[in-house]
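Enquirer: Given next are the chains, with one letter for each unit.
Number of protein chains: 4
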Amino acid sequence: MSTFSAIAARLGEQAIELPSWAFGNSGTRFKVFMQKGVPRDPFEKIADAAQVHKFTGLAPTIALHIPWDKVDDYGALRRHAEEHGIALGTINSNTFQDDDYKLGSVTHSDERIRQKAIDHHFACIDIMHATGSRDLKIWLADGTNYPGQDDMRARQDRLADSLRKIYDRLAGQQRLVLEYKFFEPAFYHTDVPDWGTAYAQVMALGDRAVVCLDTGHHAPGTNIEFIVATLLRLGKLGSFDFNSRFYADDDLIVGAADPFQLFRILFEVIRGGGYGRQSQVAFMLDQCHNIEDKIPGQIRSVLNVQEMTARALLVDRVALEAAQREGNVLRANEIFMDAFYTDVRRDLSEWRESRGLPAKPLAAYAASGYAERIVRDRAIGKQAGWGA
Amino acid sequence: MSTFSAIAARLGEQAIELPSWAFGNSGTRFKVFMQKGVPRDPFEKIADAAQVHKFTGLAPTIALHIPWDKVDDYGALRRHAEEHGIALGTINSNTFQDDDYKLGSVTHSDERIRQKAIDHHFACIDIMHATGSRDLKIWLADGTNYPGQDDMRARQDRLADSLRKIYDRLAGQQRLVLEYKFFEPAFYHTDVPDWGTAYAQVMALGDRAVVCLDTGHHAPGTNIEFIVATLLRLGKLGSFDFNSRFYADDDLIVGAADPFQLFRILFEVIRGGGYGRQSQVAFMLDQCHNIEDKIPGQIRSVLNVQEMTARALLVDRVALEAAQREGNVLRANEIFMDAFYTDVRRDLSEWRESRGLPAKPLAAYAASGYAERIVRDRAIGKQAGWGA
Amino acid sequence: MSTFSAIAARLGEQAIELPSWAFGNSGTRFKVFMQKGVPRDPFEKIADAAQVHKFTGLAPTIALHIPWDKVDDYGALRRHAEEHGIALGTINSNTFQDDDYKLGSVTHSDERIRQKAIDHHFACIDIMHATGSRDLKIWLADGTNYPGQDDMRARQDRLADSLRKIYDRLAGQQRLVLEYKFFEPAFYHTDVPDWGTAYAQVMALGDRAVVCLDTGHHAPGTNIEFIVATLLRLGKLGSFDFNSRFYADDDLIVGAADPFQLFRILFEVIRGGGYGRQSQVAFMLDQCHNIEDKIPGQIRSVLNVQEMTARALLVDRVALEAAQREGNVLRANEIFMDAFYTDVRRDLSEWRESRGLPAKPLAAYAASGYAERIVRDRAIGKQAGWGA
Amino acid sequence: MSTFSAIAARLGEQAIELPSWAFGNSGTRFKVFMQKGVPRDPFEKIADAAQVHKFTGLAPTIALHIPWDKVDDYGALRRHAEEHGIALGTINSNTFQDDDYKLGSVTHSDERIRQKAIDHHFACIDIMHATGSRDLKIWLADGTNYPGQDDMRARQDRLADSLRKIYDRLAGQQRLVLEYKFFEPAFYHTDVPDWGTAYAQVMALGDRAVVCLDTGHHAPGTNIEFIVATLLRLGKLGSFDFNSRFYADDDLIVGAADPFQLFRILFEVIRGGGYGRQSQVAFMLDQCHNIEDKIPGQIRSVLNVQEMTARALLVDRVALEAAQREGNVLRANEIFMDAFYTDVRRDLSEWRESRGLPAKPLAAYAASGYAERIVRDRAIGKQAGWGA
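Chains as they are written, first to last, in full-length UniProt numbering: chain A, 1 to 388; chain B, 1 to 388; chain C, 1 to 388; chain D, 1 to 388.
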């Protein structure tokens, strides 16, 4: 197995984007529980995200969600982020919270509604120019609830047509990142339900159209690391939305439900060239802290990704390939598991300290008094949340 | 196969309880789409439910949800229902929409919160006295999101203790009906996840504690009709929450996703003595009409149950048992399918007319002008919905 | 809704290929139950398959499986089929029953074994020339059981390379049809687990490489009709392996587990141009009759496909599209369900009689004495089965 | 967190029973791959099982499967085991490999076949007297493939009746252990599909009837540790069949697919009093080594259980309970994960050495020459396997 010192440099290449919406209130269809100190606007979300980066060094950017993070002056927002030591990242569009979109957005049979959804993406691209964002991430709630409700194939054609218009509006290095999802909020069919559909759609668009893999958006039992390997092989893995799940799109803290799956995913990312500075694959979190504290929840999340990345980097790939070539099933598996079972936490603490970061980020955050401060400072006003 | 005339009398025994919350706005965690004409209070919900009964003759009662349907005078509500030709039915408790219940209600480690949840059930029982309801239905959102978050076994003990207190408060013929659910809103463990847990808990309580089977609350692939048969055999099937699903707890119109499953369920209900006037098994709907019209959605639902009940009644059980005894797999299956594939709709239309009901309930409702009237009459005020 | 007479002509276009292995013994890993009268060689399988066509008019071809159906003289086999009124169809390769293939065949890291697997496909192509078959269907058992066991991505490259060699050997109108499967017999990863992988692989090959969709080869909850629509849209749906399942790849009689799903699939086939004489989409069965009689099981199966095709053809697509355009969810669904709930069996009986076929194929077969004859005639010798 | 030294004594209490059938050839319905050196009779299986115990100290007993392990003289078999340093354990009945059982065994509608199956269990009990076994483990393949094929409820009654007869035949401390399984080989319904059914059946029998939990026998997503906790609470957890799975009943090496799940299960076992000398819960493996070496596969398996047991014992339960009481979700989860992420392998090596066992059991076995010896010695004769 590789030693920790051999992988230390590579760990420095890690960057995980935080979702602005992780800091606002979220919940299930049954209830959104309110937490004290939650941000009231995008500026406060950025301040919170910056805390995660301050204590971990892992989260240099924050993704925005439009219209949740709409502001009058994106230049000011950008400077605000920079003053807090982070940058603005991916722009996420939202075509699922307007009554017009009840039966679809870019796939809607009504041209007016389709155009409205396309225009929203144009507005997002305008924002990207102001924020300096590279990626326009498109997750669609489009789908149907009942067989026969709409023509699934015609919707694919309309989807292709709408995406084409959006894609053509991109400039320079900007990318269109299409996310797929197995189900929810649509309960019969989803217009982009699987990686195959996303892949076929982005293939038709061009080089700067890629796929976003959200780890919670698959059918039960799906081998996600296989999809990672395949999309990397096809040159179409654009980004990750990390989270974890036991059942459906539970949006739990990444690594919480199945740490070994996270390890396998990160191994394939590294093996396939998706990790590090030269890679175009964006790492992002997309999860909800419905019942746990939000900033610590994000700190826990990026640490989980880092710890598992370290383990995946530790795999002795030379020995592994030898065992694989020999067809030694048990030996190959053992080499793989050796890295997973290695406890990297002490080494990571030292690594952090060597870079001027706290050995124990969660404890350091707790000791900083920030949590108490925001509870006090944000006592009045409307808290941000989904739909805020 | 039996003839339709042979089963006509039995069809007259059918009664399906409607959920008051099916008439208010509902949605997913992403969005609640508003519909025009939606009720603004429990009285209007009852008026809408009465429409379903008026056009189908199938829905003589309405279930209430506390506190959503809290009123000052339940006697008045009861009379209001009776004036509209229906009666008040099951009382559903709600311990999932108060901030205190973030980490649990009747299973919470904090005695104060447990007692608050128990007290809520006591209040529900008081309402039952006023409404004349037989059943107190308890669905719990209790569970955890993360391994280690709480002690699952201690929660079972606390659950047993809380249920005991609630059960002991019941009087006369009142029943405690415990519903289980595989997951959601809890994403790691649910305190009553399966029929086995519900069964073990109600067995410990006594004769008037029974299980509610919601058809959307199972793991993928679960053979629900087997559970129906088993609970009937054990004497513990108390009621149904009907709906349908492709993925999780999608809460679609009953019969919409898998009509054949509904047929199999109803066949086991009938075979096991769970159908008809002498049975204590309550038929209820529990579904959301997020994107479709609500009153027609309920009409469609009760008709689906009726049509499938007719098919299930048509099964030639004598021939079926003979084929089963012979081990004739194909023949037994064919006899079973014969009933399923029989188109009973014309016969049901005639049956309806013979009883003074419209042949085509959906068309008759559409022609009645009720939909237009409520849109007009309820233009102002706050619409009811989950949490309203 | 369309009338039956309006669709009668289109029903005449239906042709469903039977798998030769459906007539031999099959089972689970726990037990293969023997049946009397089972064929002892490919000639007898053809004779049995011809019975299905004789009584239904629906099954004019039989698929062969190599090496299970290896014979010395394929010309003789072809003539034997023709004398029985059917033709030879798809050739299925088999690279999963040789000890060499324990860790893979066309994806194996050992070049010798890969070449052996490729050579087997070359031999299959040679047979296709003799049998006049159009399609070479490739289902691979390739995959791994343990994380780390092999390099999933390198296996994709080797798969692509092997398929390229096989594809280049095809001549004239011959096609390579690549089948995907979610899992089994591999239990960690499958080399072609989903339609996306199959699609990406056949896209790289060329026009005459297409995808085979086996209805039992998906993750739980997968919307199969969406995949049908999508593959038809992309021009890459080559064929179907029909069967049904409640859990995994149960290989039950098509339509037995979820008749409504079969209806939805067939609707998308028709809507997408995959049905009828002008279509290149091949309909095939691939199922096991482990406990039921084999020839009647196949008759039941093709009748199920026919009955559901009739229902799908009956959908009033003009009215459906109008309701869809209006966004009338309930109405669109109702139009769709109207066709599904229509009992077409009597009309189909008359249709059959009008074409010189028995009104009731199963009864006619039972009355024919064929079953008794083969039990008597095939009393000695080794029965054919998987691996025979 | 606890220190390793604090748990060392408790590790000494671990005993994991091996299945005799793990040493014979096994496979999928597609192919059984043969391995060299595989046992040819029960005596050789015992010799192989003894190797696992010799190098790990963890596997002092071997379970037998009747009729696979039928011998003329069970006294001789028992002495053979003792001479090899192990003992005979659970007796597993088999009513799934006789043609009579095609449609069921103890649930069959034919009284003759039911009695045959009951008699087989009587014969197993006779063997238990000779072997000194405590447990009769009953896993039934009984079920149906098609809706309508048989009467599911009548089968429950027949099951109860048959189990009653078998249970009444037990003597002294003998136990009846009923195993449940979600599906396979039956594909529509299974007569004991879930823990609830097994629980209801054994409750009706008496104190010495308990449930066996096979970790691969659940629906996708099932929270198995919850079932462990619940069965322990109800006093009805009799034994475990350990293995792991990604999809269905894959029967992979325990801990291979989801190590964290194994950790959670073992934590609940310990928390609920199911671990250690005073406990009546039997730990058993039930898995197949289809493609990997069999003896090393078993060594790997018992080590996996041991390593994860050590981690589960390390959980700081006092701190955990404190965090749980405070409702500190993140802290409670962190305490739980701390133990899981601790690398116990070096400590376990030392622990082993301190007890006269090899530090590295797999390497020690490989160096022992046993594998080469059995390949040489068992070159001729029929290998044992399922059905042998």
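Hints should not be assumed to be uniformly reliable.
List of simulated lysine-lysine pairs, DSSO-like, C-alpha gap at most 30 Å [said to hold, decoys possible]:
{"id": "1", "chain 1": "C", "residue 1": "K116", "chain 2": "D", "residue 2": "K382"}
{"id": "2", "chain 1": "C", "residue 1": "K382", "chain 2": "D", "residue 2": "K360"}
{"id": "3", "chain 1": "B", "residue 1": "K360", "chain 2": "A", "residue 2": "K382"}
{"id": "4", "chain 1": "A", "residue 1": "K382", "chain 2": "B", "residue 2": "K54"}
{"id": "5", "chain 1": "A", "residue 1": "K236", "chain 2": "C", "residue 2": "K382"}
{"id": "6", "chain 1": "A", "residue 1": "K36", "chain 2": "B", "residue 2": "K102"}
These are calculated hints, taken from the structure and not from any lab test.
Enquirer: Just to be careful, I want the Cα atoms of A:K236 and C:K382 compared with a cutoff of 30 Å; is the pair within it?
Expert: The given pair, whose Cα atoms are some 52 Å apart, is violated under the 30 Å limit.
Enquirer: Need the status of pair A:K382, B:K54: alpha-carbon distance at most 30 Å?
Expert: Not OK: A:K382 and B:K54 at ~45 Å, beyond 30 Å, violated.
Enquirer: Within 30 Å, alpha carbon to alpha carbon, are C:K382 and D:K360?
Expert: Violated, at about 49 Å.
Enquirer: Given the hinted pair B:K360 and A:K382, is their alpha-carbon gap at most 30 Å?
Expert: violated, 49 Å
Enquirer: Is the hinted pair C:K116 and D:K382 satisfied, with a Cα-Cα distance of at most 30 Å?
Expert: The hint holds at about 28 Å.
Enquirer: Just to be careful, I want the Cα atoms of A:K36 and B:K102 compared with a cutoff of 30 Å; is the pair within it?
Expert: Satisfied, since the Cα-Cα distance of roughly 14 Å is no more than 30 Å.
Taken one by one, the earlier hints fail for this structure at numbers 2, 3, 4, 5, listed in ascending order.
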